[in-house]
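Q: Listed below are the residues making up each chain.
There are 2 protein chains.
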Amino acid sequence: MDTLRYASPDDVETAFYEALEKGDLEAMMALWAEDDEILCIHPGGQRLSGHGQVRHGWQEIFSVMPSLSAQVGDRQSWQSALTAVRSLTETYYPADGQEPPGDVVVTHIYVRGADGWRLLARHASMAPEEDILAGDTPRTLH
Amino acid sequence: MDTLRYASPDDVETAFYEALEKGDLEAMMALWAEDDEILCIHPGGQRLSGHGQVRHGWQEIFSVMPSLSAQVGDRQSWQSALTAVRSLTETYYPADGQEPPGDVVVTHIYVRGADGWRLLARHASMAPEEDILAGDTPRTLH
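Line order of the protein sequences matches chains X and Z.
The first sequence begins at 1 in our numbering and counts up one residue at a time.
The second sequence begins at 1 in our numbering and counts up one residue at a time.
Isolated chain X, as found in the complex:
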C-alpha cells in the first residue's frame, strides 16, 4: 500500500471513519503515526500501545464487526502547529435492528510529522445513557 499523506487532522479523521466502515485493517493502520508510542483505548478496554497491540485490537474488532458505521457529532477541537486534539461522540446503529448501544465519547490526538498528519492516540469510552455526573451538561433533561 502506498504511504498516504494527510494534509490535516480532518483528513486523517475522514480516513479513520472510512477504514472503520470498510473494516479495512491496512487502511486503519496506515493512518497512525509511525511512533511506537501510539496508543488506543477501546470502550471498556485496556490501553493498547505500539503498532502490534493496536493492530491486534482492530483486527479483533473487525473480525466481529466487519463494518462499523459511526455517526460523528458534538465535535470540539484544539490545535497547535504540530498537534491537534479532537473530541467527539460516535453513535453506532446496529444493522440488525437492535437498540443502539449508546454513544461513545472519543478523544483523538493527531500529530504532524515529516509525512503529514497522523493519529497518535485514540481514547474511547461509553457515555452514560443519562448524565450522572454533572447536573448541567447537555443531555440532562427535565
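Worth flagging that the hints you see were computed from the coordinates, not collected in a lab.
All figures in this text were calculated on a predicted structure; none of them were measured in a lab.
Label-pair ranges, simulated between beta-carbon atoms:
1. 37(Z) x 93(X): 24 to 32 Å
2. 80(Z) x 7(X): 16 to 24 Å
3. 92(Z) x 34(X): 33 to 41 Å
4. 128(Z) x 52(X): 15 to 23 Å
If you want the ones that stay clear, here's a sample from chain X, every Cβ over 10 Å from chain Z, calculated:
5. 11
6. 19
7. 22
8. 25
9. 26
10. 34
11. 51
12. 69
13. 115
In this text, a Cβ means the ideal position worked out from N, Cα and C, and glycines have one as well.
Following the hints, put chain Z in place on chain X, whose structure we already have.
A: Just chain Z now, with coordinates in the frame of chain X:
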C-alpha cells in the same frame, strides 16, 4: 490563590494528584489551561468542556469523595516542545475496606503556554478486570 507556574508536565501531574488527595477544588482548577477548550471525561461520564463544566464535575466528585488517593502506574509518555501526552493507570483503594473498583485508564494532554505547562484534557475510563482484547470479546460472556 497565586497563579502557579508549572515547569514541566510532570509538575502538573504531581499537582493534579495532590489536589485529588486533598479534595482541593481550587488547586485542581488552577492546573488546567485557561483555554475554554479544556475537556474532562470522568469514568462512565459525558464529556465536560470549559472551566464551568469541568469545575462542576470535580465539585460533584469531591462532595462525594473528599479525598482520593490514586496509585499511578503503567506510565507512557509522548512529548513535543509544546504538547505532552501521558497515558497511565490509576488504582484507587477505598478507605472502608471494600474491594477496589478496578483500574482507571487515563489519557492526559498537557500544553505549554506563556504561563508554563497546564492540563488541557483528561480522558478517564474504567479498565476491564481482565484484558479483553488480549482475550477477545468485550464483556460478552456465555
